[in-house]
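So the sequences go chain by chain: P, E, Z and F.
Residue numbers for the first sequence follow the UniProt record's numbering, beginning at 1 and rising by one.
Residue numbers for the second sequence follow the UniProt record's numbering, beginning at 1 and rising by one.
Residue numbers for the third sequence follow the UniProt record's numbering, beginning at 1 and rising by one.
Residue numbers for the fourth sequence follow the UniProt record's numbering, beginning at 1 and rising by one.
Bear in mind the hints are in silico, worked out from the structure with no lab data behind them.
Incorrect hints may have been included.
You can't tell identical chains apart in this list, so a pair holds if it fits in one copy or across any two.
To be verified - Pairs of lysine-lysine, DSS-like flavour, derived with a Cα cap of 30 Å:
id	residue 1	residue 2
1	Lys-6	Lys-271
2	Lys-275	Lys-41
3	Lys-41	Lys-60
4	Lys-6	Lys-131
5	Lys-279	Lys-3
6	Lys-220	Lys-326
7	Lys-60	Lys-220
8	Lys-279	Lys-243
9	Lys-6	Lys-220
10	Lys-6	Lys-318
11	Lys-41	Lys-243
12	Lys-220	Lys-243
13	Lys-3	Lys-216
14	Lys-279	Lys-326
15	Lys-318	Lys-3
16	Lys-243	Lys-318
17	Lys-279	Lys-41
18	Lys-41	Lys-220
19	Lys-230	Lys-271
20	Lys-131	Lys-271
Residues per chain are reported as follows:
Number of protein chains: 4
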Amino acid sequence: MSKRMKICINTGGGDAPGLNAVIEAVTMAAYNRQWEVYGIKSGYTGLLNTDEIIRLTPEKVDGIASIGGTILGTTNKGNPFSMPVCNAVGECELRDVSDRVMDNFKRLRFDALVAVGGDGSLEIAHQFAEKGMPVVGVPKTIDNDMGGTVITFGFDTAVSIATEAIDRLHSTAKSHDRVMVVEVMGRNAGFIALNSGISGNADVILIPEIPFDIEKVCDKLMENELNGRKYAIVVVAEGAVPKDGEAISKGEGEAGRQHVVLGGIADYVAKEISKRTGKDSRSMVLGHLQRGGSPTTFDRLLSLRFGAAAVRAIEAGKFDHMVALKSPDIALVPLAEALGIEKRVRTDGDTILTARDIGICFGD
Amino acid sequence: MSKRMKICINTGGGDAPGLNAVIEAVTMAAYNRQWEVYGIKSGYTGLLNTDEIIRLTPEKVDGIASIGGTILGTTNKGNPFSMPVCNAVGECELRDVSDRVMDNFKRLRFDALVAVGGDGSLEIAHQFAEKGMPVVGVPKTIDNDMGGTVITFGFDTAVSIATEAIDRLHSTAKSHDRVMVVEVMGRNAGFIALNSGISGNADVILIPEIPFDIEKVCDKLMENELNGRKYAIVVVAEGAVPKDGEAISKGEGEAGRQHVVLGGIADYVAKEISKRTGKDSRSMVLGHLQRGGSPTTFDRLLSLRFGAAAVRAIEAGKFDHMVALKSPDIALVPLAEALGIEKRVRTDGDTILTARDIGICFGD
Amino acid sequence: MSKRMKICINTGGGDAPGLNAVIEAVTMAAYNRQWEVYGIKSGYTGLLNTDEIIRLTPEKVDGIASIGGTILGTTNKGNPFSMPVCNAVGECELRDVSDRVMDNFKRLRFDALVAVGGDGSLEIAHQFAEKGMPVVGVPKTIDNDMGGTVITFGFDTAVSIATEAIDRLHSTAKSHDRVMVVEVMGRNAGFIALNSGISGNADVILIPEIPFDIEKVCDKLMENELNGRKYAIVVVAEGAVPKDGEAISKGEGEAGRQHVVLGGIADYVAKEISKRTGKDSRSMVLGHLQRGGSPTTFDRLLSLRFGAAAVRAIEAGKFDHMVALKSPDIALVPLAEALGIEKRVRTDGDTILTARDIGICFGD
Amino acid sequence: MSKRMKICINTGGGDAPGLNAVIEAVTMAAYNRQWEVYGIKSGYTGLLNTDEIIRLTPEKVDGIASIGGTILGTTNKGNPFSMPVCNAVGECELRDVSDRVMDNFKRLRFDALVAVGGDGSLEIAHQFAEKGMPVVGVPKTIDNDMGGTVITFGFDTAVSIATEAIDRLHSTAKSHDRVMVVEVMGRNAGFIALNSGISGNADVILIPEIPFDIEKVCDKLMENELNGRKYAIVVVAEGAVPKDGEAISKGEGEAGRQHVVLGGIADYVAKEISKRTGKDSRSMVLGHLQRGGSPTTFDRLLSLRFGAAAVRAIEAGKFDHMVALKSPDIALVPLAEALGIEKRVRTDGDTILTARDIGICFGD
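Start from the sequences and build out the full structure, keeping to the hints where you can.
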């Protein structure tokens, strides 16, 4: 007879649509094995400060798969291997408190941890695994830039929200013969910009993987105008960079950098287009909207499959691995292997080819 | 037997969801009376430069009621009573070209104009009516700040989009224990902020009609925290103003003004909250998203009713009036009367009372 | 100083989007007056069987305004004035148990009841008011057929869902040159069919208020075909009736009735069209979809306003009344007055005029 | 220099969300190669009756990727290899008119055909390929039951619409303590029922691949009731079958068959549950709603990728193949190979495991 386990789950990093569905599936799959399951609030903090641990039951997770965010919260106080510890007068130092986490984990007699998170959180999970904690990872990244899996949850929802926003901007751009520049998430990888730009019938898509020449962008818009399309939609990943310049970052502009602008990359692109072509150009930043709200059906299903697979991995004793999509199946990939890969848009992949085939300009 | 009319329609000012539905209803109601109907592109410009006039037919308007924007465009070149006229070297002067508009209107043998627009456009329509043009107005304002009608089209859609965005921000705010400050449209009137804030379960709503004290806002957030609600949603109309200060405008800050900030009112509020309470606060501006996309069912129906009523008004010879909603009926209101009224949120109205009853703070 | 009240709320009849928003507003408005508020489960049953009464708190109602259904349930066991009471061998008789309800109400020291419901539930509320119970009614009807108020909550959501479904059917009808007949709710009043049909670009709308001639419907479809529109959308209220016949009811056909068909009115209409015109015709019934899910922003706001107004009515001691919308305000209407009115589509109202103006056929 | 091709495209079988996106991508990818591209209306009919062929241009396809249905229509008159040919008095015989199709194809100097369709249409495409027509297939099936590709377009939209409907039914089922039985598409394969049932938090899912025992279904519902969940959602694929019986088909019941019921499988299941458990049970059929309306972002992107890949296949001279998703890439698969595979839900696959892990009952 198989052992009655006692497991726990935490969620780390930025919230993503689907986190609650992972929690629901882990809870239900554990419950149906007659295991006990606990939720650790606020990342690893709950293993330092154990009043942040809650019992998860079918009632607590009923129907949460369709709700955005995470019922466990993700406000990490930091990395237990390098945690800021402060005294009464506010002086802080970084300290390794991972042993205390290990001790609490053992004292609470947990048999396994399901760690849901991005690069950073899974790196920590892997370090704990090396210290002997039985950990199974569940990859989470809205940007789709994690290796080892075809896709992760949250991405489809983010792309859908961005596409819906782009759909909306078409009507106002068209009515006013305007250029609308929309900034979507994607610091290192342009997947959201690429997929939402294609689905949303954009004219131009700018992504980190293809540095752009603003002149080429302007040429495209003028050519469109000749062909009778007087308005345009430009989708820009937040990490897109001009060919000749440095990264354009929002916020405090450092002296000497040519392209650092206060308003972020969308603002920069809109202003340059306006200046160079004389066209009325506006920018907007989708920001937090892309993370929130009910996950798409695709993301709900993927998250539930990930959660259930994590419990089956625990049952099989496969630790220091993460669940991953190898379409159409769920596979287990060693964390060490997955963490070494940075996924980027392949500039010769068929999605880029499709975009070029249907006439989208990347500014290159 | 009634006369076979030849009528035209234009749309002016910012685009609003429902414009196409008005155009569809005017076209179909005219067609079913065997009248001819024409669309004047780009506001009144089409009556100066008559190659911008198109014949409207059932085929051209089939199904457009569900599409955002306006098939006629709204890029006005200006007010015909004070039109910038420029010479080859770029020197411009304002000139009254309204006679030319009148001449063209007569030369094209139009029997009536349906003018769809906001305050500005309907003011022009009224001036033309006084010059003898048979005009029927259709009021359009996303902000719901026009007098003479209970409500106009576009507003319900804008409120719905804002509410949906606020719904989305809840999950991310909650997961991170954050304050999210959302800026919605409403320069002079806070209707969008008020309705979307109530529907979207906001904690604080700031509107132009109720100058706010940022300290009272912070008190509310701290009190919420005591009660266990660690995150908050603050909805701000773009025209909201602090009690002790001047209007906070986006853009170039003029010297000497205390509250002018680069990022707009949402940014200002988020920064003040963060500074005063130490809470992690973020801002976002919904901007153009509120105008775009498919109108809600409510707006489609109202727009179609407005359009059909405008044609019936022409049939009845009731000019220099605008169509208006007097629930549950459509009425005709003299333009002169409607244009004199500035509609604002009534601070003792039941919607404000409802908001206060359910615990929403206005910062007063 | 005003008294600290102890109030209760129940919801009766079919569920409607917005019920939870009423509950939220009543709870919050009571809480903010430092009153106690209780929810009575399953209509009046909870006042017979008092273990079905729950304390309502801000935590319990937080965010429920955006959720469909009712947290209090609506599975009435029946009318307390004529309740089926059964013995162990299953023999039942109708008995008046209203005195027991009154006794329990007093014993629990409730100061007032907010009764949310349709015709039937408010009639019961009025009878209790006459027995001395301090009751305030909140009208609820998806069909919009209740008198005394311009509109009630749930209707806008039902119309929106129906319109969205009709939008979807267009693409498949068009691709296959088909006639799609959609049955929507509306046993006695055609408001949902009328509003969703106009908004959804239907060709034909059949409502109880305008008995239809199936030949006129077929003529319209053939005329459309001549004009190049080979597909059609027909929206039918469940209570629509043919001119020459009796009501078409779903279910057991009684002998001798010509028009009683098993599949309901949509099925009947689709088969007749198919038989008479040779066109490929399909029917579908939207049914329960129209009741479910998140209320529209319009319905959320209206429900919250109704709930808060009910609490203000209690505060003002205005009992045996119901809250009502007199646009743009909320008013109080005596229950006796409102219950006497049956609201129907006015066949000479501007909505019907609009439909005719844009070419929609009613089969008359 | 590569040849300037002249290609055509048709769409066959039932409509599916994404067809227009395929047409858009084929048109744009051809246009950007300076090829000519034509749309053949109504399947192969347009190659018999050549007045049904239209020139496709960027203007005609602008923005259609987000619109449901197909601008080319899919009302096939039949299979050219076995076409019903009728005389004036209505006597018909099946005739092979494929040579006439081949002749017209050559006479019109088409260099290639993109055939978009399901099993049946691609089988015809393959037969034409064997007669020498340069054909590239694009697989289309809402049910996801086609071999050779991980997934096809339309499926994600159908699952999303079904899930949204199930979400809506939860609130009404819960408010009334009811069992709601929803019938979704899937004659031979249960993918839509499985995915929407899991995403939509169903209690029971019945699919063709797992014959069900109605008693086991009832046991599950009674067990749920014990655990306090008094309502239930049952999702049934139209092709689901009881273990001991024959297929339950809608329509004319043949004598002697035990399970043939007039109302279809959902109606049968609801009635049995009601009879055996005494619970209030209702059924509904989603039907055509699942096909219609705007494709999800996932489907838009996949369809655009398929369309562009079909044009690249033509460019590469790879005929008698179909495009297919081999995640994350698009591949080309010989039609003969793909047509031999019938894809079904793997009863030991991880999606079924997930469903069982989270407590969903399949009635087995």
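Return the numbers of the hints above that this structure violates; sort them in rising order.
1, 5, 6, 11, 14, 16 and 20
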